[in-house]
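Number of protein chains: 2
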Amino acid sequence: MINEVPMLTNVTNEAASCMQVIKHPDKSEWKSLLARPTFDTSSLNDTVSRILTDIRQEGDAAVLRYGEMFDKAVLKELRVTLPEINEAANLLSEDLKEAIHVAAKNIEKFHVSQKFETKKIETTPGVICWQKAVGIEKVGLYIPGGSAPLFSTVLMLAIPAKIAGCKEIILCTPPDKDGNINPAILYAAKMAGATSIFKVGGVQAIGAMAYGTATVPKVYKIFGPGNQYVMAAKQLVSLRDVAIDMPAGPSEVQVIADETANAAFIAADLLSQAEHGADSQVILTTTSEKVIEQVLSEIQVQLALLPRKEIAEKALKHSKAILLKNNEDIIELTNEYAPEHLIIETADYIQLAQQVVNAGSVFLGNYTPESAGDYASGTNHTLPTNGYAKAYSGVNLDSFIKKITFQEISREGIQNLGKTIEVMAENELLYAHKNAVTLRLK
Amino acid sequence: MINEVPMLTNVTNEAASCMQVIKHPDKSEWKSLLARPTFDTSSLNDTVSRILTDIRQEGDAAVLRYGEMFDKAVLKELRVTLPEINEAANLLSEDLKEAIHVAAKNIEKFHVSQKFETKKIETTPGVICWQKAVGIEKVGLYIPGGSAPLFSTVLMLAIPAKIAGCKEIILCTPPDKDGNINPAILYAAKMAGATSIFKVGGVQAIGAMAYGTATVPKVYKIFGPGNQYVMAAKQLVSLRDVAIDMPAGPSEVQVIADETANAAFIAADLLSQAEHGADSQVILTTTSEKVIEQVLSEIQVQLALLPRKEIAEKALKHSKAILLKNNEDIIELTNEYAPEHLIIETADYIQLAQQVVNAGSVFLGNYTPESAGDYASGTNHTLPTNGYAKAYSGVNLDSFIKKITFQEISREGIQNLGKTIEVMAENELLYAHKNAVTLRLK
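Protein chains in written order, with the working numbering: chain D, 1 to 442; chain A, 1 to 442.
Nothing false has been slipped in among the hints.
Keeping only pairs whose Cα atoms sit at most 20 Å apart, straight-line, the calculated SDA-like set for lysine to any residue is:
hint	chain 1	residue 1	chain 2	residue 2
1	A	LYS132	D	SER113
2	A	LYS109	D	ASN416
3	A	LYS403	D	ILE163
4	A	LYS325	A	SER28
5	A	LYS120	D	LEU352
Here are the in silico distance ranges between beta carbons for each label pair:
hint	chain 1	residue 1	chain 2	residue 2	range
6	A	LYS72	D	GLY165	50 to 58 Å
7	A	LYS290	D	GLU68	56 to 64 Å
8	D	ALA89	A	LEU429	15 to 23 Å
Derived, one-sided and incomplete: chain D residues facing chain A with beta-carbon distance under 10 Å:
hint	residue
9	HIS101
10	GLN235
11	LEU439
Treat the hints as calculated values from the structure; they're not laboratory data. For glycine and all other residues, C-beta sits at the position ideal for the given N, C-alpha and C.
Let the hints inform the model, and build the full structure from the sequences given.
Put into structure tokens, the structure is as follows:
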């Protein structure tokens, strides 16, 4: 169930459909003030476990059965065929294809720059250690269905997987009732280098990729967003069977603004996040009452024109404009909140950015909207929500590789290091460990 | 329950207390041949959940109560005091202190070399993206108790945490019946830079660090080995409350050897792993029957002299010597097994090493025993077991940092990239995303 945040002191609802305004909250109130509208997926675990067990035991038959039940699609073939993939290009506008190419090039450029270079280190004469980055051989990407085709997420996951050298890049996404996948998803998947695409959605997709079926290969790591059932399934399979990108929660943005910022831009940035879902959260932090007033007023103007007005309104209800007394407090609150997205629209944004230690992706200055990072700046948009930025990075090239360590010790090296190892092994009461060195010293 | 591996064809037990020998197994048998003696911790979840719930609700009182129950220690104070820490140095031999210093220096040198350097990338003129590595502010290290003091693990976790810039480095380890911590652990913890040490073990330690108590601070990520209860607790808290280093399983080694290898060295390496625990697994792979014969015979000789003979014997019972027909098969089997430790003792070890894609840490040549990496070569010994090396790295500097992405777009930059973002947002039906750009293009 959604945990609604308790009412706080100094709270006023400036407009019926707009965010709460909190002025100078006491630090003791920050924690409840910053609480997310989270969803506890453990209540879904029974349902999700049952589906996962069926998929583990029955494979494709269960995948097809649940696909009919949930996606209403009766499929003969789970795998998307080459003609279907090739046809996709004919169904998209030239504008969209061009945009996908531009975004893909930027994403590729930024993620290629993250390639790891091996350095050999001689820690002791004759003892050489190094790391080697190797792409995870088989990865699974989940792209949710629903009202909008998330082809941008296809780019964000498949492009770094390809750069990392992942050999099998499996993509699962639910079909529509007629058994079709949106052509923008197919087009982006082909361009980005997905090796197989399957018409499988929801818990079935996670189960199929975690265990493998006759048709869908088992993968070693699963990436991608999803609804609460998908999140619960990812968590359950991650306990034993497969790695996952990160735990997930509703999307969120925090904006830090001062009077040099443009209230219309800020309002648009807050609404970009609010339109994602009713459970999204947006936070405005500022030292200026005027900024809050202007932004709330701009939100009303812009909100009226949005097709997803109702969703955004719901999100705004658990969203907040927080007036703080100085930048130190703003930075402290930001690092406590650990926002998925942080937009800093202030004159001194560089100085503030240097103090950010907990955030997913940071957008600097008045001309850097979150939507740039969502689509095309080159940074990844799969980011840690729910405060997970305190411990997790967003998806990046590292997410698709593992680093294997190597060590090579010469006869001279073991002479130099041998006694150290013997003494330590002996003190940990591990005499076979010691003996492996003693024999070599002789 | 421990899953015993089913019996296979072509299996002979060369000696009563020694490993199984499997000659030229068919590839269809590899999967069951390579099955680990794993333990399903989900059977412990009820017990572990109850303890965790008590700790979440009662804090220190529950920590003390369970400590009395499991560690038999009646404590007044959970925190190790400064005099206790300082006294530790007086209780250790000079040899051991010197060994700890040498190991620490190598571990430091190798992990410092892993520091991340920010590169700013201009993906499109006016669009600059970069990553910044920031240490996770609060980390918790768990060091198990038991027969041997694992001061080496203290070094392996606290040194990279310090280098990463973690501000709070909390260490929990169970006390003995008299309420004392082994001085080697205290000495290593102080030297490596732990900021607080607590006399808390088992599930209590994981709960205390995951939720925080009046005495033990809440951390954002928990590291370290432990028994099955600790493993179950780490998994449970990782679902919502805190990140963990990686899932864990029994330790294991695979040796690849040819006739240029020294059978006594190989036997010692296999036994080093076998003495870790009855559930350890050791695998010898070779194309030479002679190597198998010689190694098995050496194992008998060395085993007889080991203090931990009984443990090693039990481990050897589910361990295997596998004869394969060529190096291609050896590499294929290795990458399928994905060993935690891989020792390559062959003439052409460099060439073989280049083909390894799934392993935790690799030891090259005849003078590189696993115990070098366990203690002092500089590489980390906290490594992915149970085949997790297919998706996970061992602990390294990355484990203690997260990378925040930044983007800074100029007015010119948004002109260059704006249309791309607008077209993509529109096609994902996210009009507020589009509007955040449109307003800025005006």
